[in-house]
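Student: Protein sequences appear in the order of chains A and B.
Mapping of the first sequence onto our numbering: position 172 corresponds to residue 172, and the numbering continues sequentially without gaps.
Mapping of the second sequence onto our numbering: position 92 corresponds to residue 92, and the numbering continues sequentially without gaps.
What the hints contain is simulated information worked out from the structure, not anything from laboratory work.
All values derive from a computational prediction rather than experimental measurement.
Just so you know, not all the hints are guaranteed correct.
[Stated by the list, open to error] Derived, one-sided and incomplete: chain B residues facing chain A with beta-carbon distance under 10 angstroms:
no.	residue
1	Met39
2	Leu49
3	Asp128
4	Arg147
5	Ala150
6	Lys245
7	Leu247
8	Asn248
[Unchecked claim] List time: in silico BS3-like cross-link candidates among lysine-lysine, alpha-carbon distance up to 30 angstroms:
no.	chain 1	residue 1	chain 2	residue 2
9	A	Lys94	B	Lys64
10	A	Lys190	B	Lys64
11	A	Lys131	A	Lys153
12	A	Lys228	A	Lys252
13	A	Lys379	B	Lys64
Glycine included, each C-beta is placed from N, C-alpha and C at the ideal position.
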Amino acid sequence: MAEQTRRKFLGRGGSLALAYALAGCGIEGTLERAQKAATPIPEITHKKVPIGNWTFSNWPLYIDKDILKEFDEQYGGHVKYLEDINDNDEFYGKVRQQLTAEQPIGRDIVTLTDFMAVKWVRNRYVQPLDKKNIPNVVKNLVDNLKSVPYDKKRDYTVPWQSGAVGIGYNPKKTGRELNSFNDLFDPAFKGRVTMLNEAYDSSGVTMLAQGVDPTTAKIDQILAAIEKIQQAADSGQFRRFTGNDYSTDLAKGNIWVAHAYSGDIVQLQSDNPDLKFIYPDEGAMLFTDNMMIPAKAEHVYAAETMMNFVYEPEVAAKLAIYVNYLSPCKGIKEIVEKTDPDIANNPLIFPSDEIRKKLHPYPALSDADERTMKEAMAKVTGA
Amino acid sequence: MSLNTRRKLLPWLFIGPGLLWLLLFFLYPLLNQASVSLMTGNPEQGYDLTWAFHNYWDAISEYKEQFGRSILYAGVSTLLCLIIGFPLAYFTAFHAGRWKSFILLLIILPFFMSYVLRTVAWQLILSDDGTVVSFFRTIGLLGDDGRLLASRTAVIAGITYNFLPFMALPLYVALEKIDPRLLEAATDLYASRTTAFRKVTVPLALPGIFAGSLLTFIPACGDFINAALLGTPQQYMIGNVIQSKFLNILDYPQAAALSFTLMLFILVGIFLYARLLGTRNLTEAAI
Chain A
1 MAEQTRRKFL GRGGSLALAY ALAGCGIEGT LERAQKAATP IPEITHKKVP
51 IGNWTFSNWP LYIDKDILKE FDEQYGGHVK YLEDINDNDE FYGKVRQQLT
101 AEQPIGRDIV TLTDFMAVKW VRNRYVQPLD KKNIPNVVKN LVDNLKSVPY
151 DKKRDYTVPW QSGAVGIGYN PKKTGRELNS FNDLFDPAFK GRVTMLNEAY
201 DSSGVTMLAQ GVDPTTAKID QILAAIEKIQ QAADSGQFRR FTGNDYSTDL
251 AKGNIWVAHA YSGDIVQLQS DNPDLKFIYP DEGAMLFTDN MMIPAKAEHV
301 YAAETMMNFV YEPEVAAKLA IYVNYLSPCK GIKEIVEKTD PDIANNPLIF
351 PSDEIRKKLH PYPALSDADE RTMKEAMAKV TGA
Chain B
1 MSLNTRRKLL PWLFIGPGLL WLLLFFLYPL LNQASVSLMT GNPEQGYDLT
51 WAFHNYWDAI SEYKEQFGRS ILYAGVSTLL CLIIGFPLAY FTAFHAGRWK
101 SFILLLIILP FFMSYVLRTV AWQLILSDDG TVVSFFRTIG LLGDDGRLLA
151 SRTAVIAGIT YNFLPFMALP LYVALEKIDP RLLEAATDLY ASRTTAFRKV
201 TVPLALPGIF AGSLLTFIPA CGDFINAALL GTPQQYMIGN VIQSKFLNIL
251 DYPQAAALSF TLMLFILVGI FLYARLLGTR NLTEAAI
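Modelling step: build the complete structure from the supplied sequences, incorporating the hints.
Tutor: Laid out in structure tokens, this is it:
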């Protein structure tokens, strides 16, 4: 008798689990959220509270760790610094469920690239900033980044660093100087080339090679560019499609030509002085990584204090010397010149106005177009 | 409560925690993903359950190449693991003497280090200007422009290396259990050493071979680290596709459908394999 009821109980429990698993059906989308969120922001005030233990997520090798130590000493508390962002999409994929479920993601600052920042701002996965807590940012942010289409008044985002996507190569291996993105497709380098797997980057530079302006490109032009990449990939032109991880292959000489980020090459040059980075004649892609405070983050004031701290010119200069990307903070070239004149004169870190004009921002695509592009690119990269 | 009921309840008490664990962390996620695999939609509008069984068909027809590759690579690696692992386990079980524990420690040692890190190390070892490649070039196994990294060879070698302990350890356990007197008896009855090996050692080691092959083949089928780090898109396995569908494209239904299809393939494979080797081995291998 007892056994029978137990079996019944288990049976009921099982079917309950089944019903629950099937009934709560559906995975919430982001569209509704984006529409709800498109309301004006009220006046924001974040109280000054002790810093406490807070968390900062960033890309690998993207900070001089002394800056974190100095911050802890000056403001108290402790910053847990995670180098856990290696790919915008992958990071988003990891935390998306929590964000849509209105749960904290356990990080107080995340640093994401423009096209991903668009999505976070649009869906209000981020919190508006209290401008009174970040006076340095208001004062020192370079003019050309003061307003971006997805965050007109920088209410949610603070640029961390910008960089260019161009070509990194080893002239000794290629046997000639490169000057165009068409060189990525040169059959002479077959199997010795890597391309970035990020669809915005790869389609962007291919369009530049095709003479199309990527910033205003339509989805058809983007797909045509991806088609060109597909053909080259099928013929074995590209050794791999990579994130930041082309660096080992390039430094080791496994590849000769890499579709690469400017700052990476500056860092790799210290290991392998033969390496060169070029802004091709057609121009290059420009990206900015942005600090944002995720929705429901606990230590808002700590995050803002850090944002403010890295916009003190001395700190920003130290950061630029270490990471070798384009700094978004005004007036630091003079500071860097005093200690590291080589860096101050390096066009990869402080490019001339002429080069700056040739840097193209990413296009602003609709969600549907972005998905079409990503799916097309995923087919090329084989996954 | 009577003694009788108590006696009947006791086993449930023991099995309870395990059962609960299975329900919560195995059955529930599994059912959840099963329902996800039948949804349609997109990341903006969300996904709704529409009983879209065509997800499965779409997934298989679009990615049959990667499925085939996964099974081929995992199969070849399992075979290689067996070829390398059997002599290793045999030697350890019968001839290692006082070195036995040391050799076992060596087999387990790689686990003290992260899986990904070990695979990255192979990137450096196999690099185009490295010693391994230049050695192979000198002896003429590789052309002057040949490479090991970013090739099928590298991926299969990586999988074989990473899963070897999973094969060697069950083999060792099975061989260790063999009573040497059985072999003596065989030779007493005029069996040559090869015949004794073939008729006594191998059949008694079958449960180990069975367990080792499963422990190697199943995770190798779903592996994506080796293909991602040591291969190119031409070597990507189904694991790479599932990972990218889940994390980059956010196409959860197709990712789930692919996962279930892979699971089905493996289950059918195990079933056939068990048929071939006899089900008794399956239970023995589990012990």
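Student: For each hint, tell me whether it holds in the structure or not.
Tutor: To see whether the hints hold, each was checked on the structure:
Below 10 angstroms, beta-carbon pairs count as interface contacts, and B:Met39 has one with chain A at about 7 angstroms; its hint therefore holds. The interface hint given for B:Leu49 holds, since its Cβ lies 4 angstroms from the closest Cβ of chain A, which is under the 10 angstroms cut-off. Against a cut-off of 10 angstroms between C-beta atoms, the interface hint on B:Asp128 holds, since the closest Cβ of chain A lies about 5 angstroms away. With a least beta-carbon distance of about 8 angstroms to chain A, the hint placing B:Arg147 at the interface is held under the 10 angstroms criterion.
Restraint check, B:Ala150 versus chain A: the minimum CB separation of about 5 angstroms is within 10 angstroms; hint holds. A hinted interface residue such as B:Lys245 counts as satisfied when its beta carbon comes closer than 10 angstroms to some beta carbon of chain A; here the least separation is about 8 angstroms, so the hint holds. Below 10 angstroms, beta-carbon pairs count as interface contacts, and B:Leu247 has one with chain A at about 3 angstroms; its hint therefore holds. At its closest, the beta carbon of B:Asn248 sits 4 angstroms from a beta carbon of chain A; the interface hint therefore holds under the 10 angstroms criterion.
Using a Cα cut-off of 30 angstroms, the hinted pair A:Lys94 and B:Lys64 holds, with the two alpha carbons roughly 27 angstroms apart. Distance hint between A:Lys190 and B:Lys64 is fulfilled; the C-alpha atoms sit about 27 angstroms from each other, no more than 30 angstroms. As the CA atoms of A:Lys131 and A:Lys153 are separated by approximately 11 angstroms, the hinted pair is consistent with the 30 angstroms bound. For the suggested pair A:Lys228 and A:Lys252, the alpha carbons sit about 28 angstroms apart, so the restraint of at most 30 angstroms is met.
Annotation: proposed proximity of A:Lys379 to B:Lys64 holds, straight-line Cα distance about 13 angstroms (limit 30 angstroms).
The structure is consistent with each of the numbered hints, conforming to all of them.
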